[in-house]
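**Student:** Starting from the given sequences, assemble the full structure and let the hints guide the process.
Given next are the chains, with one letter for each unit.
Number of protein chains: 4
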Amino acid sequence: MNITSSHIEEHNKTVKDDHQESLDALAHQLNKRNIDINELVEQAGAFQVAIPSWALGAGGTRFGRFAMGGEPRSLEEKIEDVGLLHALNHSSGAISLHIPWDIPEDTAAVKELADKHNLVFDAVNSNTFQDQEDQEHSYKYGSLSHTKEEVREQAIEHNIEVIKYGKALGSKALTVWLADGSNFPGQQNFGKALRNTEESLHKIYDALPDDWQVLIEYKPYEPNFYSMVIPDWGTSFLLANKLGDQAKTLVDLGHHLPNTNIEQIVAILLMEGKLGGFHFNDSKYGDDDLTAGSLKPYQLFLIFNELIEGTDGPEELRNQIAWMIDASHNVKDPLEDLLQSVEAIQQAYVKALLIDRDKLKDVREENDPAGAQEVLQDAFQTDVRPLLTEARVRHQAAADPIQLYRALGVRKQLIEERGADSVATGL
Amino acid sequence: MNITSSHIEEHNKTVKDDHQESLDALAHQLNKRNIDINELVEQAGAFQVAIPSWALGAGGTRFGRFAMGGEPRSLEEKIEDVGLLHALNHSSGAISLHIPWDIPEDTAAVKELADKHNLVFDAVNSNTFQDQEDQEHSYKYGSLSHTKEEVREQAIEHNIEVIKYGKALGSKALTVWLADGSNFPGQQNFGKALRNTEESLHKIYDALPDDWQVLIEYKPYEPNFYSMVIPDWGTSFLLANKLGDQAKTLVDLGHHLPNTNIEQIVAILLMEGKLGGFHFNDSKYGDDDLTAGSLKPYQLFLIFNELIEGTDGPEELRNQIAWMIDASHNVKDPLEDLLQSVEAIQQAYVKALLIDRDKLKDVREENDPAGAQEVLQDAFQTDVRPLLTEARVRHQAAADPIQLYRALGVRKQLIEERGADSVATGL
Amino acid sequence: MNITSSHIEEHNKTVKDDHQESLDALAHQLNKRNIDINELVEQAGAFQVAIPSWALGAGGTRFGRFAMGGEPRSLEEKIEDVGLLHALNHSSGAISLHIPWDIPEDTAAVKELADKHNLVFDAVNSNTFQDQEDQEHSYKYGSLSHTKEEVREQAIEHNIEVIKYGKALGSKALTVWLADGSNFPGQQNFGKALRNTEESLHKIYDALPDDWQVLIEYKPYEPNFYSMVIPDWGTSFLLANKLGDQAKTLVDLGHHLPNTNIEQIVAILLMEGKLGGFHFNDSKYGDDDLTAGSLKPYQLFLIFNELIEGTDGPEELRNQIAWMIDASHNVKDPLEDLLQSVEAIQQAYVKALLIDRDKLKDVREENDPAGAQEVLQDAFQTDVRPLLTEARVRHQAAADPIQLYRALGVRKQLIEERGADSVATGL
Amino acid sequence: MNITSSHIEEHNKTVKDDHQESLDALAHQLNKRNIDINELVEQAGAFQVAIPSWALGAGGTRFGRFAMGGEPRSLEEKIEDVGLLHALNHSSGAISLHIPWDIPEDTAAVKELADKHNLVFDAVNSNTFQDQEDQEHSYKYGSLSHTKEEVREQAIEHNIEVIKYGKALGSKALTVWLADGSNFPGQQNFGKALRNTEESLHKIYDALPDDWQVLIEYKPYEPNFYSMVIPDWGTSFLLANKLGDQAKTLVDLGHHLPNTNIEQIVAILLMEGKLGGFHFNDSKYGDDDLTAGSLKPYQLFLIFNELIEGTDGPEELRNQIAWMIDASHNVKDPLEDLLQSVEAIQQAYVKALLIDRDKLKDVREENDPAGAQEVLQDAFQTDVRPLLTEARVRHQAAADPIQLYRALGVRKQLIEERGADSVATGL
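Chains as they are written, first to last, in UniProt numbering: chain U, 1 to 427; chain B, 1 to 427; chain D, 1 to 427; chain F, 1 to 427.
Do not rely on the hints blindly, as some may be mistaken.
Identical chains blur together in the list; that is why a pair holds if it fits in one copy or across any two.
Said to hold, decoys possible - Lysine-lysine pairs mimicking DSSO-like chemistry, simulated, CA-CA at most 27 Å apart: (1) K140 - K412; (2) K274 - K164; (3) K412 - K148; (4) K172 - K111; (5) K13 - K32; (6) K361 - K148; (7) K148 - K359; (8) K148 - K164.
Quick caveat, the hints were computed from the structure, so don't treat them as lab data.
Just so it is clear, the structure is predicted and the values come from calculations on it, not from any experiment.
**Tutor:** In structure tokens, the structure reads:
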């Protein structure tokens, strides 16, 4: 399955006049607020969000999994899927791999394939939360934090191997998410488990190339239901500080206790120079891994508000932080879901760029919360869709990616190619 | 302090051209979607949200209260404040009183004053969660649910008295919120407390005029921290069913446990004919009583989506449900806060009206969640502010209420009239 | 694997003197409080908790599953496992089946096998949250609530078939847990989904034998992460009322939003005659399905306090409510976990029986919360373990079930019999 | 009101025989587990929990406050109340003051009075969350984090003044709890507010005597409902690290988001040498400030398990950590509530001392969660009340403090002395 430039052109032609009209109206409106729409279109077009290789198939819960059909059967087909997304929205130009789900046997060929789709390789992810066949020691009771040295060593080795794969592909970061923890009070010595983790991470850190970062995720619960070894940003931050400058914290929006103020965590980490990256998704109850922005779009906007506040301009913003999606698609077509996620992230980003920062600074200085709300709302209520459409069109992507995806019958073709029962590796 | 028609006219003149331009652009955009903007302007203009008399002064927490200045010192001044709001936004044409905080001594005069401001009296609220001076029995351990009959009788009498005041003013509903509950396991016999409450409510119900409703609030905690006698919609619904057709459930958006799906509760109550009214506000942690829409504007939109889904057109929607704000203003000027709340509620309402219901029905029937999201987002992303401005302007209210409020220096004038230390009765 | 009476006797002999000493000391202490320990021993011995057939193997999360070894490979082996538990604790004399995980092909033989182990069949459970091979319609988008009639019919038929299996085995109740719901706002019409569910349940209810009950579970989230069709007790109660006297609500302790006061729900349902049964487990975050009492033993005690308060004596308590465990064992040996769960449930039950009800009534009447706490604590702090040991010993079960289980090397033998890789059907 | 040694002796005589019997039985039982009860009695007797001066009157919520009667009208009467508690339980030998609620005008006299009651002064608390009369700048929008330097300076000065009072009384620690934060998105620049706080704390730290500590509290919400400047342990820890060795984190059990694993935070802080002290209380929903152990006694036990795990013996445990209660008494007599809190804390402490640490270490090493649960339960299920009674009796305190408190009619006498309407300063 390929989306060609003529597919795109034809589609874009059909909406051209309508789009231009909407764009002009928005440009005019923004102009009155002294905002140059072209500058924003450029920023939107430059912003890229990495697609997780493990989220291209149907996800599932512990209660079951319902097949989607046409799921990618190999790393190559996963790259092809991300290529489809990038062709449609020009904002998904990176892929984040999960080892051992996606071991690139022939790295040169894999890189070439990615190149062909204009894709680069974002952070690589290790996996020590499942046992693989022929694995010597089980991770049932932990990996980097395990009570037994031999298990820790195996997990360290695995991470170092993941770095090697990443190097070969051009990645610049290793993301470590530990499922380590305990299900019952008493099961684990919290202090020792943390010390073991620290020591293990040190060994991985020592194997890190100089221009790499290690991103440490945190999560309060699941798959363990009493404690997790790195439950919160404070613990991740503590570890990142002990490791050194190349270690940073990764924020997954779904990895927080109810009611957590995530945007404040983002601001604190930024101020301390320790925000390394994001896993975007949305959730209502726990780590629900739903489409970004599908439930709390205002929260996403507030997070981008902090990102802009805490960085020196869009270029630094883009380059210093790893932008990734982490999602699971139980009922939606994964590709449609990812298109919607990227669109929502871009909306939040551009709306946050619209915030009148001088005015915001003033009302904050004057302790005028009603004024601050007016400033934020003025940006959030603006309908920025024509601007995002324009960014796509200028980069030869689809004016309306989902509409074209459906019009082309992509899923149907993928099912024909790959079968209705193909199962992608991943959650 | 008075806002005159010439204040309004002058203000509206200054934004006239800009507004017309934005309105035309929106009308054009909606026209393409086959939506008549005038119909929506009419619905927005007809929608009224009642202002709580107890939320016109500075609120506080158990840790303290910081004065606002110029707070209304009497029921008359409270009516005057709501009059100011209604003059500014033409959407606050009702006031909801709390007895005994706002006893209308001379009901005829009070009604006349309200008439002068084009205000009607919405639901009246009883208060059995505080002890008043000269009160015979204390509500420390409950009111309608109390273990002692004499306390229950006193609370019943109070509610019947509140109905009398309401009748004199033209209200058509009594809102009962019970603070009754317990702070510690074992303190209360849950079953008996519920039975006592049921019996007490029956006696109040018997005193209800035929064209009145009694609205039963629920709340999971605070001021009691172990249990509340009516903790959830299920208990309120149970009581409303036992009482009869004139009893309904009132939903306060802040009265839910973390992560509750409030829009689903709204849908269930509508389907069962038991949704009586709303207390609008927003919150991040508990019953925070913040400005409506200030934290979760998408949730507010989803609630209105259910309201439109579950009723037969805007007129039924407006008339069968009591629309009220319940908020506390710890750091904002209460009048500014209320203007922002009403604006946010109207935005959610109008955006929900924009939803393409036929298409939504189709995608639901086809189990197409990505399609459903597109339908909702298409409405939510639309910038409806020009439409709401137009609704105000057509009714001789302010194009930008907060801007005019500030330009006129209303708060400053109120402080001059009433003093910097005046304290309104309320939370 | 069999646990014989001589295994038991030998084990009990080794602890006999110690036990008698502890029992005498407790009897003496209770005697001072005018409590007859023999009466309590009898109640404890009569109390039985059903074991779920789906929880005899290793559980898992969406992140993976770690094998336990020796898991039962068939319904027969599951019955054997429950038999082992019952032999050890004399309190697990019932089994609750999940269809189609445990279809009893030859019901007579299955019943005979159960008889041999002194087991009866508790509530049978339907499963419409997974697709089975050769199933015509998928439950991906719901079952009893589905938008398509043919899917609903299929799910109704399945439930009726489950009733048939249950009848053949001597069950007296059908438990219905629906995974139906939605993952995204807009996906589902809440009202229609509820009406469909109601209608479907009516058809199942019509197929219910006269001496049966249908128990309706509720759950706020998972496997759907935006809404569930029956999210809370209020919705279950609403449905149970519409269906009739044979329909009741089932409370699973893990199926609540954070901070829910479950004991109050129990009290309300009891007062309204609609409490049908329990799924016991414990949790810290969500539906964690951990060992009962392992995290919140005081909550479990408070629930039993309500159960005793709301029923007329132990016999009614035992007979009118279905007592079941629902758990998932990700890191513990399932049989050990279940032994610990039953022990914790019995502790809570017996401690609640120790509550001085007359005194509690008095302090409540006098609104003396400190006094109420003293009354509850007096019961809760009592060490009732000798009493439970005595109940087991009197019924020829093991003084210390887990100790004997380990001493006999049961798991090791099961692995030898069934293999290290056997996988039980279930979660 | 005085409780004399003859009051105590008479009371203790009445329960002497019963107590001795229970104690002997427990000693015998513990002896079998190779535990010397006398060692535990000594540890229990040495353990002291500081009483907060602000929690000796009736508390309230934002909805109201119900008077208790006999509340202390002055610092002297507060000391007298703590003296009553200490006379009754010999475990409340310290008082923690809140300035400016309890300014000791004549420090020598105040110290002498405390000496008379065998009380010492624990951590002193500053208060920058309320405005005092004649205060130049308001704390409405913050104190140490305020946007205006003059407000920050005022708050710094206040803290330094509190240190002075503390020095004069023999305190060794300053507790800083900041109510600073924001109610609305956009209101506050998170980064700047944190930097301001850091700088302000540095100035306070510089004024700290060498043998003092500054304890930094954290709290996620309330009195602000969108963000707090120090929302979680991570932020407190970050600040404590920046300040230096004399700065530590204080854990208030009620200051956490739903479902937080507090015992793990305790373990991490201990391991990093940054656990400074506790504010004990219990809660179901938020910062409910209920009696310690009244809702989650097992959590309290697990916290003490970590405390013992992470310290080198009882003496270090007692001396290196500040033990304080922080509670609010809305419906209970404050003195009864505090007696119950201290009792619950001591129970948790002694039960945690009973844990078989060698066995726990072994089962952890072997990854045996069921075994770990057995070890913990074996300690938790033990009825340690006779042991605590013995500790009191040996120190000439009351066998049953609450019973004696009621028998002596203490509250009645306090009301006679101080009036039914006296109001203590505090929450």
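**Student:** So which of the earlier hints does this model not fit?
**Tutor:** The structure breaks none of the hints.
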